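Just so you know, the sequences run in chain order X and Z. Reading the first sequence from the start, the letters are residues 1 to 272 in the working numbering. Reading the second sequence from the start, the letters are residues 1 to 791 in the working numbering.
Hint data in this document are derived by calculation from the structure and do not stem from the laboratory. If a hint is listed, it holds; no wrong ones were tucked in.
Incomplete in silico selection of chain Z near chain X, CB under 7 Å:
hint	residue
1	Asn207
2	Gly209
3	Glu295
4	Arg296
5	Asn384
6	Arg465
7	Asp468
8	Lys472
9	Val476
10	Ser615
Derived BS3-like pairs: lysine-lysine, alpha-carbon spacing no greater than 27 Å straight-line:
hint	chain 1	residue 1	chain 2	residue 2
11	Z	Lys374	X	Lys43
12	Z	Lys785	X	Lys196
13	X	Lys43	Z	Lys386
14	X	Lys247	Z	Lys501
15	X	Lys139	Z	Lys483
Values in this document were obtained by computation on a predicted structure and should not be read as measured data. Even glycine gets a Cβ: it sits at the ideal position worked out from N, Cα and C.
So the chains spell out like this:
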Amino acid sequence: MKTQDVRVLVMRVGGTNCDAETQRAFTELGAQAQVLHFNEVIKNHSILDYNALVFPGGFSYGDYVRAGAIWATGTLTKLRKDLKEFVEQERPILGICNGFQVLVEAGLLPAFNGISEYPKATLATNIPIGYRCKWVYLKHENSGNCIFTKNIPKNKVMHIPVAHGEGRFLFAKENEKRYLQKLYDNDQLVFRYCTKDGDYPNGEFPVNPNGAFHDIAGICNPQGTVFGLMPHPERAFYGWQLPDWAKTEQAPTFGDGKLVFESMIDYLKKRF
Amino acid sequence: MSRYVKKDVPFELVEIDLKTADDGQLIEISGELGIGLNLTEMKLVQSYFSRKKRNPTDVELQTIGQTWSEHCYHKTFKGDISTPNEQIRSLFKTYIARATEELDPDWCISVFEDNAGIIDFEKNYAIAAKVETHNHPSAIEPFGGAATGTGGVIRDILAVWADPIACTDVLCFGPLDYDYSKLPAGTKHPKYVYSGVVAGIGSYGNNMGIPTVNGAINFDESYVGNVVVYCGCVGLLPKDKFVKDTRAGDVALLVGGETGRDGIHGVTFASAELTKESEEISRPAVQIANPIEEERVKRAINRLRDAGLGSAITDIGGGGISCGTGEMAERSNLGIHVYLEKIPLKYQGLAPWEIYVSESQERMLLSVSEKNLKKALEVFETENVKASPIGKFTTDGILKVTYKGQTVAELDIDFVFNPPKFVGTTDWQPPKLDEPTFPEPADLTKELWGMLSMPNIASKESVIRTYDHEVKGNTVLKPLQSKYGGPNDAAVLKPLPDSWKGVVISSGLNTNYGKIDPYWMAASSIDEAIRNNVAVGGRRIALLDNFTWGNPQKPDRLGSLVSACKACYDFAKGFQTPFISGKDSLYNESPIGPVTPTLLITAIGITPDVRKTVSMELKQPKNSIYMVGKTYPELGGSQYYQNKGILGNTVPKVRMAQAKNTMDQITKSIDNGYLRACHDLSEGGLAVAAAEMAFSSGYGIELDLNKVPRTEQMSRNDFVLFSESNSRFLVEVTQKRKTEFEALMKGVYCAEIGTVTNDEVMSVTGLDGKQVLHADIPELRRRWKSALGGK
Chain X
1 MKTQDVRVLV MRVGGTNCDA ETQRAFTELG AQAQVLHFNE VIKNHSILDY
51 NALVFPGGFS YGDYVRAGAI WATGTLTKLR KDLKEFVEQE RPILGICNGF
101 QVLVEAGLLP AFNGISEYPK ATLATNIPIG YRCKWVYLKH ENSGNCIFTK
151 NIPKNKVMHI PVAHGEGRFL FAKENEKRYL QKLYDNDQLV FRYCTKDGDY
201 PNGEFPVNPN GAFHDIAGIC NPQGTVFGLM PHPERAFYGW QLPDWAKTEQ
251 APTFGDGKLV FESMIDYLKK RF
Chain Z
1 MSRYVKKDVP FELVEIDLKT ADDGQLIEIS GELGIGLNLT EMKLVQSYFS
51 RKKRNPTDVE LQTIGQTWSE HCYHKTFKGD ISTPNEQIRS LFKTYIARAT
101 EELDPDWCIS VFEDNAGIID FEKNYAIAAK VETHNHPSAI EPFGGAATGT
151 GGVIRDILAV WADPIACTDV LCFGPLDYDY SKLPAGTKHP KYVYSGVVAG
201 IGSYGNNMGI PTVNGAINFD ESYVGNVVVY CGCVGLLPKD KFVKDTRAGD
251 VALLVGGETG RDGIHGVTFA SAELTKESEE ISRPAVQIAN PIEEERVKRA
301 INRLRDAGLG SAITDIGGGG ISCGTGEMAE RSNLGIHVYL EKIPLKYQGL
351 APWEIYVSES QERMLLSVSE KNLKKALEVF ETENVKASPI GKFTTDGILK
401 VTYKGQTVAE LDIDFVFNPP KFVGTTDWQP PKLDEPTFPE PADLTKELWG
451 MLSMPNIASK ESVIRTYDHE VKGNTVLKPL QSKYGGPNDA AVLKPLPDSW
501 KGVVISSGLN TNYGKIDPYW MAASSIDEAI RNNVAVGGRR IALLDNFTWG
551 NPQKPDRLGS LVSACKACYD FAKGFQTPFI SGKDSLYNES PIGPVTPTLL
601 ITAIGITPDV RKTVSMELKQ PKNSIYMVGK TYPELGGSQY YQNKGILGNT
651 VPKVRMAQAK NTMDQITKSI DNGYLRACHD LSEGGLAVAA AEMAFSSGYG
701 IELDLNKVPR TEQMSRNDFV LFSESNSRFL VEVTQKRKTE FEALMKGVYC
751 AEIGTVTNDE VMSVTGLDGK QVLHADIPEL RRRWKSALGG K
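All chains should be modelled from the sequences, with the hints used to inform the complete structure.
Laid out in structure tokens, this is it:
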């Protein structure tokens, strides 16, 4: 398919608040992107009319239970069949920040053996505790499986901001080792927090902004078509969004976040 | 017999016997009902009902009490004031609005009229701006008070059909290390208030997805009993979608949250002094926040606007539905019939008056024509927002309220919106203050260390990082600059995807100067707000004023308020920066006295191209550092003196012609691309500004005090380093552009005073040619960052 034929659905519910800038990232690259309220999707639309699905950032339904849990339940209740088909057809699903939390709560990630009935991981309260908005460095760990980072060289260090209070990626203690091995075996590990020079903080704040296990910032499913991450690539899309763009006489045109959206569109162009 | 007669209806309704009440009894009634009306006002009410030949109901008296409160009607600013030299009819008209009227800029679309000021931006888009105070609720319940303050100001933006794009917050607390044993009864410790307020603001803005991009935190003993919380919001609106055209027959549609007992008498509470009983008595006056509800309301209103389904909108804030319905009818010269039973409640058991005045949050009022009603209700349903037709606009100019078929209020709108004038007298005497005499300290490096960790100067990173300042992805210049989180002077947003035009948001606050002279305090705040804006590339600046003062019935408080208002006129006019909106909060007094006069000036500028924005950190070794503006021996109220426990009296002034000229030339230098860095000089003066520029960059700086443009009598190194004279900037220029820059700056005080170095050291040569300050940059950074817990 051609770029201009790519149809992306950015879903939102009450409390979602990063839909507009996420939509902008796709339209800037020439794709079609539509923002629709979940209620409208259920009533008048089908996700299967779209080539890709995005759960953007925010506080869906206030996140009054665990972050992402309410929207995940709602999505599964209303869209389970369509969602399964969507994933099986290897159409891409992207979850950013709250969207990542939704994908994990819905069992779409890490999805070692397909969509799991119960969450296999969690995004727990930050350590140190509290909401935090800051720019972090991420190291690209994927060896080519993740379709959202195909255009990014392995080990590239990227500069992208985080803004969340619940972003500490965890497995249950007893599964930690086994699941981590699976992430590596299946090439599901995508981003880890690191220093500017690419060194891992081993959980240490502030380089690891939330205490995430193994400094994990983003993972994909074994097929590489469902991807969730805590950092916000849509906030690092343009050069003028970067925190230090004013340092140079000529600001860069784009930031590292653009690579994620570009890779996804390239995949769709080749695949469908 | 009791003056309160319970009516024979199946709900709580009380008639109050005003007919026979004498003066003392009128005051008693006002007190017993908690409506805060004074004798003159109560007498006017009495004569109104005697003309009507009946007694009022509790709903009616409550409605009048809410509408006539200082908070809703701003009686003091509209009142008659006698000063020793003159009679002032309306402070607001004479000083605040007059500057705008005389300047009459064609880019001001709506000033002082609507819930927010509206100015032109780009093509079909305008900017709306509003700043609110939420002091008293925050003193009682810091988290809820601050959160609902943010929620309230966001609704003001929604109430002009704008989409909120940024929030600001300026906070004043008592010292965090305040001695517990000195706390008056019923007063919460500043540390508790601080953490609650900060969390409340962050929670509301973050949950709604509106970036909090600009603010300030100030500490002073006078805020121990009465915290000051300013919440601001800026919005973007398509000009052709603005509509304010309620017609008779239109439906009054209440949307958003349900109504409960939270926030009863919020406005009368806000218009009184805080006492040790406030905690107990006024707890119900504090509202409860639900930002997700407001997020949904925002979405629905944006859709309604784009589809053109509403005929007018206002927010339900202070005074609740009683004020909202009355105001909407009044501004269209209509009447309204409200059916109280149609208002959705959180729980049963509320008396009609409680339903009518409750300030439960996240509610908006719209007028919608009959033919658009069905479509409008569909929009709200899709967004999961409750929408209830609660009344109808009429032609008769009467505010009629019924509950389950029974009339509970019937008032002439003309009467409700014409309270008696406030009358006040002023008596302000300048305090007798001495300029201190102490020898110049031998070690100025240590002085600088001490100043960088003063709470008013130290990094606020530990607070700012808890606010999402990046959401919406439009923040071009952030509150924390680059790697080391430098303190940028203003925030720059790029709200439109297809335009490089930016919105520049900054603020000015100089509470310490007000202790010496409120006139120069106001002038300095205006200068500071404007120079912060100009420093990053802002121009065509509009101002917002927010006064937080003590009880205006006390002549000294009123006198200082008048002085500050005069400065507002003089300097808004002089800088050609019109006021577009404002809000005052008076009666900020607690058992430890009034708050120090606190004027916040918020400046909203624009920049034609965000790519030309200049940040504050040094950029490149070997570049030259220039000082723009002149330094005077003005250390009264300075942080330098404060660090020594002194106030002094040489308060900084603003030399109007010189100040305007300086700002204009800075704008031209930015447009010509001469400035690599630019930082305004404020608290802590030259030394602090230079240190901030250096430790935010990773480079060093060398300065020579002898080259600083200054008055002849300035012979002390510490005074040149720490004077807080207004209208000054420190700028960085490359060697290549020096000649051009210097040519442009002819006619302005400007001199090359140093260079950027590669060695992470700040070094200053004194007036006698000897080194007077030598500091390691990482050490300066550490002291500045860690004082308030930053990392």
